[in-house]
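Same order as they appear, the protein sequences are chains D and E.
Throughout the first sequence, residue numbering follows this note's numbering, covering 1 to 318 in sequence.
Throughout the second sequence, residue numbering follows this note's numbering, covering 1 to 318 in sequence.
What the hints contain is simulated information worked out from the structure, not anything from laboratory work.
Glycine included, C-beta positions come from ideal geometry on N, C-alpha and C.
Hints are supplied without guarantee of correctness; some may be wrong.
Which residues of chain E face chain D? A partial, calculated answer using Cβ under 10 Å [stated by the list, open to error]:
#1 17
#2 18
#3 44
#4 64
#5 98
#6 215
#7 239
#8 261
#9 263
Number of protein chains: 2
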Amino acid sequence: MSIKLTILGCHSATPREAAHPTAQFLEINHRFFLIDCGEGTQMQLRKSKIKFSSINHIFISHLHGDHFFGLIGLVSTFGLLGRKNDLHIFGPTGLMEIIQLQLKATSSYLGFNLIFHELNSKEEELIFEDDHVEIHTIPLNHRVYTNGFLFKEKVGERKLNISAIKENPEIEICDYQHLKNGRDFVLQDGTVIKNKHLTFNPNAPLSYAYCSDTSYKPAIVRQIKNVDLLYHESTFLKDKVDLAVITKHSTAEEAAKIAKAANVGQLILGHYSSRYPEKKLFLEEAKTIFDQVILSEDGKVISLENSISNALCVAHQN
Amino acid sequence: MSIKLTILGCHSATPREAAHPTAQFLEINHRFFLIDCGEGTQMQLRKSKIKFSSINHIFISHLHGDHFFGLIGLVSTFGLLGRKNDLHIFGPTGLMEIIQLQLKATSSYLGFNLIFHELNSKEEELIFEDDHVEIHTIPLNHRVYTNGFLFKEKVGERKLNISAIKENPEIEICDYQHLKNGRDFVLQDGTVIKNKHLTFNPNAPLSYAYCSDTSYKPAIVRQIKNVDLLYHESTFLKDKVDLAVITKHSTAEEAAKIAKAANVGQLILGHYSSRYPEKKLFLEEAKTIFDQVILSEDGKVISLENSISNALCVAHQN
Numbered sequence: 001m002s003i004k005l006t007i008l009g010c011h012s013a014t015p016r017e018a019a020h021p022t023a024q025f026l027e028i029n030h031r032f033f034l035i036d037c038g039e040g041t042q043m044q045l046r047k048s049k050i051k052f053s054s055i056n057h058i059f060i061s062h063l064h065g066d067h068f069f070g071l072i073g074l075v076s077t078f079g080l081l082g083r084k085n086d087l088h089i090f091g092p093t094g095l096m097e098i099i100q101l102q103l104k105a106t107s108s109y110l111g112f113n114l115i116f117h118e119l120n121s122k123e124e125e126l127i128f129e130d131d132h133v134e135i136h137t138i139p140l141n142h143r144v145y146t147n148g149f150l151f152k153e154k155v156g157e158r159k160l161n162i163s164a165i166k167e168n169p170e171i172e173i174c175d176y177q178h179l180k181n182g183r184d185f186v187l188q189d190g191t192v193i194k195n196k197h198l199t200f201n202p203n204a205p206l207s208y209a210y211c212s213d214t215s216y217k218p219a220i221v222r223q224i225k226n227v228d229l230l231y232h233e234s235t236f237l238k239d240k241v242d243l244a245v246i247t248k249h250s251t252a253e254e255a256a257k258i259a260k261a262a263n264v265g266q267l268i269l270g271h272y273s274s275r276y277p278e279k280k281l282f283l284e285e286a287k288t289i290f291d292q293v294i295l296s297e298d299g300k301v302i303s304l305e306n307s308i309s310n311a312l313c314v315a316h317q318n
Numbered sequence: 001m002s003i004k005l006t007i008l009g010c011h012s013a014t015p016r017e018a019a020h021p022t023a024q025f026l027e028i029n030h031r032f033f034l035i036d037c038g039e040g041t042q043m044q045l046r047k048s049k050i051k052f053s054s055i056n057h058i059f060i061s062h063l064h065g066d067h068f069f070g071l072i073g074l075v076s077t078f079g080l081l082g083r084k085n086d087l088h089i090f091g092p093t094g095l096m097e098i099i100q101l102q103l104k105a106t107s108s109y110l111g112f113n114l115i116f117h118e119l120n121s122k123e124e125e126l127i128f129e130d131d132h133v134e135i136h137t138i139p140l141n142h143r144v145y146t147n148g149f150l151f152k153e154k155v156g157e158r159k160l161n162i163s164a165i166k167e168n169p170e171i172e173i174c175d176y177q178h179l180k181n182g183r184d185f186v187l188q189d190g191t192v193i194k195n196k197h198l199t200f201n202p203n204a205p206l207s208y209a210y211c212s213d214t215s216y217k218p219a220i221v222r223q224i225k226n227v228d229l230l231y232h233e234s235t236f237l238k239d240k241v242d243l244a245v246i247t248k249h250s251t252a253e254e255a256a257k258i259a260k261a262a263n264v265g266q267l268i269l270g271h272y273s274s275r276y277p278e279k280k281l282f283l284e285e286a287k288t289i290f291d292q293v294i295l296s297e298d299g300k301v302i303s304l305e306n307s308i309s310n311a312l313c314v315a316h317q318n
C-alpha cells in the first residue's frame, strides 16, 4: 500500500523556462498513471527518469492547452519508440478527434492500440478498475467541462501471523493463500480456527484525489472525504478571489478549506499563477486554514507509505 | 545587411531533456521569422530571451510532429498574452485545420488575426516579400510534403561617398536620398555627375537557406547557389546511408556535398539522430568534403555581418 506522486509540472497557463504546465505521474499500489499532459511533459518524464513503457493509462482533466498540448507529442514518441502495448486515454469528448487528426496529418503509424475513453458525464463515474486500484471521476466546476480523478487502492490481502500459524503444524504453505483471502482453517478433528487468529488486518488502502482546474466547489468534499492525499489547484491567493470567481479557479485559502472539510491527510497546492513572485505565499495562506500542506514543484516526488495504522508522507525534490 | 540565427532546437524525432526538436529564430535585415516549431519552442524562445511580439511570421516546413507540435501552444500563449498584431503562418495544407480544431476545442479567444498561407505547390514559390526581404520555398524530398525556405535580403540603398559629395557644394542634404536611390546629380551649368562618383555600392545582400527535412537532393543546388548560410539536415552519418535513403533524410557527407556544389559561405548541420553519441562526428564527416561547417546546438546564435565585400560569420552559445 503506497503512493508515489511525481509532479512533472505545476504551473498555470503559459509555459516558461523551469515553469512547466500541469502533468503528474502517479504510482499507486503498483499501478502507474499519467494525469494531464501539458506541453513538454515527455521531456519532464525523461528528466524524472520515468519509464515510458510504464504508462498505459493517461487521464486528461479538461481541454485547456496547459493540460493536454503535450499529449500528441507523447503518443507520437510512443509510436517512434516501437511501443506495442495498448494505450488507454481518458478525457473529454473532443480529445480523440484532436489526436487522430494530427496522427493522420503526420502520417504516423502506431504499432499499438490507442483506446480512447471519452468522458462527458456530469456525474461521478467509475472509469477504471482492476484488482489493485479503482478510479472515479470527480466532476469539477471550470470554464470548460472538467473532471478531477479519485484514485483508490483496493483493500489488500490479509497478512499472515506467522507465529500463530506455526503453533498449528497442520497448516501448510499451500494453505497460506486461503488464509490471506480470509478463510478460516479447519483442523482434522473438525476444530475451526478463525481466520482472525491466524492473520492480521491488511494495511489500510490509500487514496489520492486530483482536483484541477476548478472553482471553489464544496460539493466535492463528500466524494474526497478522508483521502490520504489531495491535490487541489490554487491558481490565486485570496487577494484575487474576484478573479478566481470569474476564471473559475481557486485560491490557496479555498483549497485549504476543501482539505479541512474533507479531513484529508495532506494537501498539495499547485497550478500557480505567474503573477505571484514566491510560491511560499500560497503555503502561508493555506496554512492559516489547514496545517498539512505541501507545495508542488516541478520534479518534486511525494511518497506515502502505509503501515497498518499510520500513513507516512515524505516529499523530496528530484 | 545582417543575419542572426538562433537555433532553438536541432534534434530529430523524440524530444529529450536538453535535446529540443527543430525550431529556429531568424533575424535578417531587421525582419524576424520563426522557422519550424517543435514541442517546447515557446520555452526555448523565452530561454533565448526572444520577444514574442517580434514574431509575426512563422514558417512550417512539413507536418511531422518534431517540426510543428509546439505551434498550437505558441499560438495559445500569444492569445493569453493579449497579442493584437496579425500572425501569419506559412505551412502545408492541413496545418490550419489542426490549429483551428484545437482553438475551438479549448474555447480559445484570440484577440488577433491568425492568417494561414497554406502551401501545396511542388514548384519553387515566392511566398513573402517586403522592402527588406523576400522568401521563397525550396521544394524538398521527404516522406511527406516538405518545403525548405530561402530568405534573401533585398539590395539596399547605395552608400554616400561623403568626401566626394563635399567637393560639390551644390549638393545639399535634401539631395542625399536621390543619390542613395542611384540618381545622377546635375549641376546648375548642366554638367552631369554620375552617381557612381558620389556613392559606393550597397553592401551585398545576404541570404539564408533552410533545408530540413530532406533526402539528398542535388536539384536544390541551383536555387541555393552562393547563399551565405545554409542549414542542411544531417540526420545520419554515412554509415547509415541506407537508412537515410529509406527514411528520406541526409547524411552529414551529403549535406556537405550540397554545400560544396552550391558554393555556400557556411554550412550548418542539424537534425541529428540520437543514435550517435557525439555531434562532432557529424562535423568531422562533413569537413572531409567542405571546410566551412558549423554544428547547430540548442541555444547557439550564428551571426553574419556583411561589409562591402566580406561576410563575417560568428557563432556563440547562449
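Going through the hints against the structure:
no., hint, in the structure
1, 17, "holds, 5 Å"
2, 18, "holds, 9 Å"
3, 44, "holds, 8 Å"
4, 64, "holds, 6 Å"
5, 98, "holds, 6 Å"
6, 215, "violated, 16 Å"
7, 239, "violated, 21 Å"
8, 261, "violated, 30 Å"
9, 263, "violated, 35 Å"
In terms of the numbered hints stated before, the structure departs from hints 6, 7, 8 and 9, listed from lowest to highest.
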